[in-house]
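First to last, the protein sequences are chains A and B.
Numbering-wise (the numbering used here), the first sequence opens with residue 179 and increments by one.
Numbering-wise (the numbering used here), the second sequence opens with residue 12 and increments by one.
Any given hint might turn out to be false.
Taking CB as the label site, the calculated pair distances span [said to hold, decoys possible]: (1) Asn216(A) to Asn37(B): 43 to 53 angstroms; (2) Gln63(B) to Asn216(A): 20 to 30 angstroms; (3) Glu220(A) to Ala93(B): 21 to 31 angstroms; (4) Asn180(A) to Ala132(B): 50 to 60 angstroms; (5) Asn216(A) to Thr65(B): 39 to 49 angstroms.
Worth flagging that the hints you see were computed from the coordinates, not collected in a lab.
We put the CB at the ideal spot given by N, CA and C, even for glycine.
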Amino acid sequence: MNLSSQAVDDAIVIHVHEKRIDAAIAIQFKDRVRELTNDPSERVILDMSQVEFVDSSGLGAIVSAMKFLAPDRRLELAGLTANVGKVFRLTRMDSVFPIHAKPPFQETGNAN
Amino acid sequence: MQTELMECEDRRISLSRPSDMRNSTNFHWSFRADLKEVRETLRRVAECFSHQITADESGTLELVLAEVMNNIVEHGFAGLAAGTITVSITREPESLRCQVIDQGRPMPGLKLPDCKIRPVANCIGELAEGGWGWGLIGALTDDLAYRRSAATNYVCFAVPVLAR
């Protein structure tokens, strides 16, 4: 499960370096997002621009992470690829998450 | 099909070799019911049809097959020794006709679950963390059907694609 985090202004940006968030890795994904959001921040933005596939288990893991951060912090999504955007639209989860076209900063390679 | 599954036992077998499938219009594959094997099977399906369908259609096919096959692994074979899943896909002029077969538990009530996507809860604390699978399958396929026969589950559906 390859995720990295980066502080950008008032947000933690979590970059997902995986092509898939699916049933095979949904639980690890959820746990890893929890670890990476231990530090306080006003916002948490999930950079999904490298993710080409999300199934219902992956979507469940993202919703679970959002519920874990609530009510103090909102999970926002950025850079949904076409296939992933379709899953959010069909399940109407696009009405639940703030969704940005792009993450606030493109990755610099110095993220940890 | 029964004979093939019996011969298959617990080993993954290739009923038609992947190298032969690249330019073919059909896909047939049996594999161990396991989430990692589902991933590998989806990769093979995508490879098989990549030159015949659009990226959007390929994404839809992958999602629908993932939902059907993950359900079999997580529910159909829950608590049972790992079994075999067989997926067959036939290219028709305006669809990909899919059949997924397994010998896990029957669907509750011997019928498909509700295939509607449920409304979204009003507050974050009450949001569901799953349960979209059959709603997605229902929304993205035609002719969705299930039957149980001779201790075997058959799920059939068609994914619409642009005519060739």
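Here is how each hint holds up against the structure:
Under the hint 43 to 53 angstroms, the C-beta atoms of Asn216(A) and Asn37(B), about 50 angstroms apart, fit the expected range. For Gln63(B) and Asn216(A), the Cβ-Cβ distance of about 47 angstroms falls outside the hinted range of 20 to 30 angstroms, so the restraint is violated. Checked against the hint of 21 to 31 angstroms, the C-beta distance between Glu220(A) and Ala93(B) comes to roughly 46 angstroms, which is inconsistent with it. In this structure the supplied range 50 to 60 angstroms is violated for Asn180(A) paired with Ala132(B), their Cβ-Cβ distance being about 31 angstroms.
For Asn216(A) and Thr65(B), the Cβ-Cβ distance of about 42 angstroms falls inside the hinted range of 39 to 49 angstroms, so the restraint holds.
Against the hints set out earlier in the document, violations occur for numbers 2, 3, 4.
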